[in-house]
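Student: Those sequence lines, one after another, are chains A and B. With the UniProt record's numbering applied, the first sequence closes on residue 498, and no number is skipped along the way. With the UniProt record's numbering applied, the second sequence closes on residue 99, and no number is skipped along the way.
Calculated directly from the structure, the hints in this document are not laboratory data. A hint or two may mislead.
[To be verified] Just a sample of chain A residues kept apart from chain B, beta carbon distances all over 12 Å, derived:
#1 25
#2 96
#3 175
#4 275
#5 359
#6 451
#7 494
[Claimed, not checked] Computed from the model, here is a short list of chain B residues facing chain A with C-beta under 10 Å:
#8 4
#9 6
#10 11
#11 15
#12 20
#13 39
#14 41
#15 72
#16 88
These numbers were taken from a predicted model, which means no experiment stands behind them. Backbone N, C-alpha and C define an ideal beta-carbon position, used for all residues, glycine too.
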Amino acid sequence: MAYDDVVRAYEPVLGLETHVELGTASKMFCSCSTVFGGEPNTQVCPVCLALPGALPVVNGTAVESAIRLGLALNCSVASWCRFARKNYFYPDMPKNYQISQYDEPLCTDGHLDVTVESADGPREFRIGIERVHMEEDTGKTAHVGGATGRIHGADYSIVDYNRAGIPLLEIVTKPIEGAGELAPEVARAYVRELRDLARALGISDVRMEEGSLRCDVNVSLMPVGGDEWGTRSETKNVNSLRSVDRAVRHEMERQAGVLEAGQRVVQETRHFQEDSGSTVSGRSKEEAQDYRYFPDPDLVPVAPSAEWVEELRATLPELPAAKRVRIQSEWQLSDEELRDLVNADAIDLVAATVDAGAPPAEARKWWLNELSRRATETEVPLSGLPITSAQVARVVALVEEGTLTNKLARQVVDGVLNGEGEPDDVVEARGLKVLSDDSALGAAVDTAIADNPDAAEKIRGGKVAAAGALVGAVMKATGGQADAGRARELILERLGVS
Amino acid sequence: MSAITRDEVAHLARLSRLALHDDELDQLAAQLDVIISAVAKVQEVAQGDIPPSSHALPLTNVYRPDETHQGLDPDQALAGAPAVEDQRFRVPRILGEEA
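The following block holds chain A by itself, in its conformation from the complex (with noise of 0.2 Å):
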């Protein structure tokens, strides 16, 4: 069904339950290294194994990440509260239960507000926030055998535990109503809102394509003018922003198709297909008491002090929200000038630019045109450039100061970028600085007014016009290195002009 005509007979209801893992060194129960990429099976030790007597002892700082995530998503933080057992058989986790909250989960109760470009101009949402829980995140299997890589016709799986246990929180919203047409975009600017907000924090290196920040987007759809909730379906692996807006938009588009042809809904859970765009059937939704969640015995109560809160919340940073609303002003940027930096990522790269020295404008225009499309065809992530704010920054001021023209700043960012050094390293090794000292120009403002005798008569006779075409001589004599400037006071000085 197409989507203009999905909006007109059907309010979506969304639901997005948000995986962060945490940046901290240690597991959230044991003292096993949660750097990513180890080798299989050497991050792991008797806790994470389950073998037979290991007790699990919580990671203070990851509480204290779960709690600094909750007020900063406007959360009241639980005083008293404990982990529970969530039991399935799965070979993901050895101990055939992963360590979660359910019941009493550490932070309730919040929202965070997102905007979103409708055809109106921008309009703000505020999405609840239901929960903010502490977990641990599973172990990986992969499926060998088969056509397909997948669990169906496997003959076996494989797992390495080097994942399981790291500290996970979840970020649970309250159903999201009333965004219409806006849905899948309202889907991925909260995404992208709690990204920022948990980078902001520095809790999460927040990597979509490293699995560091998951998403689960749940859809369903009631008939507009409706007010009872049709049937949801459940979208995992959803691992990119672009991806949550796809989900929902897919999911719509399917489950709309689905009612309209007189049939039900199926409460399930699908995986979305990066490839297609589209969500394929998983495993019929269990119940929840089907994990048979308690208690785990093994832990004693969570009851963080009410000091202890208060002294969390008055060191938090400042958040993505309010430092946008700082940076439009400081930088005097137009709504749309800021919207850019936003969609591109670019706002605390260019901020670190300026605060290395940079004039706000010239650390914009780096970060958006150049770099960006460095980013663009090297296919990283802006920020994932080989090159610092500080660089830029250096390379900024070597125009300013007039060791560089644009073009040659180009050559050392490139440089920069292929990891030849610092700024005045590439500019050294190079030999890109301009050539402004006279000694050096004069032979080429000598050689440009010998071959174009022409525009030197011009110029003697005052035709001063004229001397750009000896300029672009010089230029194109030095490899663009020449001071222009200076190059053409030379000239004029030459043919008497000046």
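Here the structure of chain A is known, so what remains is to put chain B in place on it, guided by the hints.
Tutor: Below, chain B without anything else, positioned relative to chain A:
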């Protein structure tokens, strides 16, 4: 009269991936009932002024500093595995479910 029904035992057996015969379901329903009844006696003793507890110790906020220690090396970690492949635990295929 058993308070635990045969259907409940069958449900639990399915969640626990246990294949039980009909006579086993009946037998276990009766046995589980005895266990539940025994535990229920504790509830009779505990009055309303005693909150349910998940832990025997009057402790809260037991935390570990966020420091790493080397755990097991892969040989040790995999020593007890029934099967190993590519330095990973090899397990039977999982049917009908995907996490």
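Student: Confirm or reject each hint.
Tutor: Hints, verified against the model:
1. Non-interface call for residue 25/A relative to chain B: violated, since the shortest CB-CB distance, roughly 5 Å, does not exceed 12 Å.
2. Listed as a non-interface residue, residue 96/A fails to keep its Cβ farther than 12 Å from every Cβ of chain B; the least gap is roughly 9 Å.
3. No beta-carbon of chain B comes within 12 Å of the beta-carbon of residue 175/A; the shortest separation is about 25 Å.
4. A cut-off of 12 Å between C-beta atoms confirms that residue 275/A is not in contact with chain B; the least separation is 18 Å.
5. Residue 359/A, annotated as away from the interface, keeps every beta carbon of chain B farther than 12 Å; the closest lies near 39 Å.
6. Non-interface status of residue 451/A relative to chain B is upheld: no Cβ of that chain comes within 12 Å, the nearest being about 68 Å off.
7. Its beta-carbon lying about 69 Å from the closest one in chain B, residue 494/A satisfies the requirement of being farther than 12 Å from that chain.
8. Given the 10 Å rule on beta carbons, the hint for residue 4/B is violated: about 15 Å separates it from the nearest Cβ of chain A.
9. A hinted interface residue such as residue 6/B counts as satisfied when its beta carbon comes closer than 10 Å to some beta carbon of chain A; here the least separation is about 18 Å, so the hint is violated.
10. Satisfaction of the interface hint for residue 11/B is found here, the shortest Cβ-Cβ separation to chain A being roughly 8 Å, below the 10 Å cut-off.
11. With a least beta-carbon distance of about 6 Å to chain A, the hint placing residue 15/B at the interface is held under the 10 Å criterion.
12. Because the closest C-beta pair between residue 20/B and chain A is about 15 Å apart, greater than 10 Å, the hint is violated.
13. Hint on residue 39/B is violated. Least Cβ distance to chain A is approximately 13 Å, over the 10 Å limit.
14. Taking 10 Å as the C-beta contact cut-off toward chain A, the hint placing residue 41/B at the interface is violated, the least distance being around 19 Å.
15. Satisfaction of the interface hint for residue 72/B is found here, the shortest Cβ-Cβ separation to chain A being roughly 6 Å, below the 10 Å cut-off.
16. Taking 10 Å as the C-beta contact cut-off toward chain A, the hint placing residue 88/B at the interface holds, the least distance being around 4 Å.
Checked against the numbered hints given earlier, the structure breaks hints 1, 2, 8, 9, 12, 13 and 14 and satisfies all the rest.
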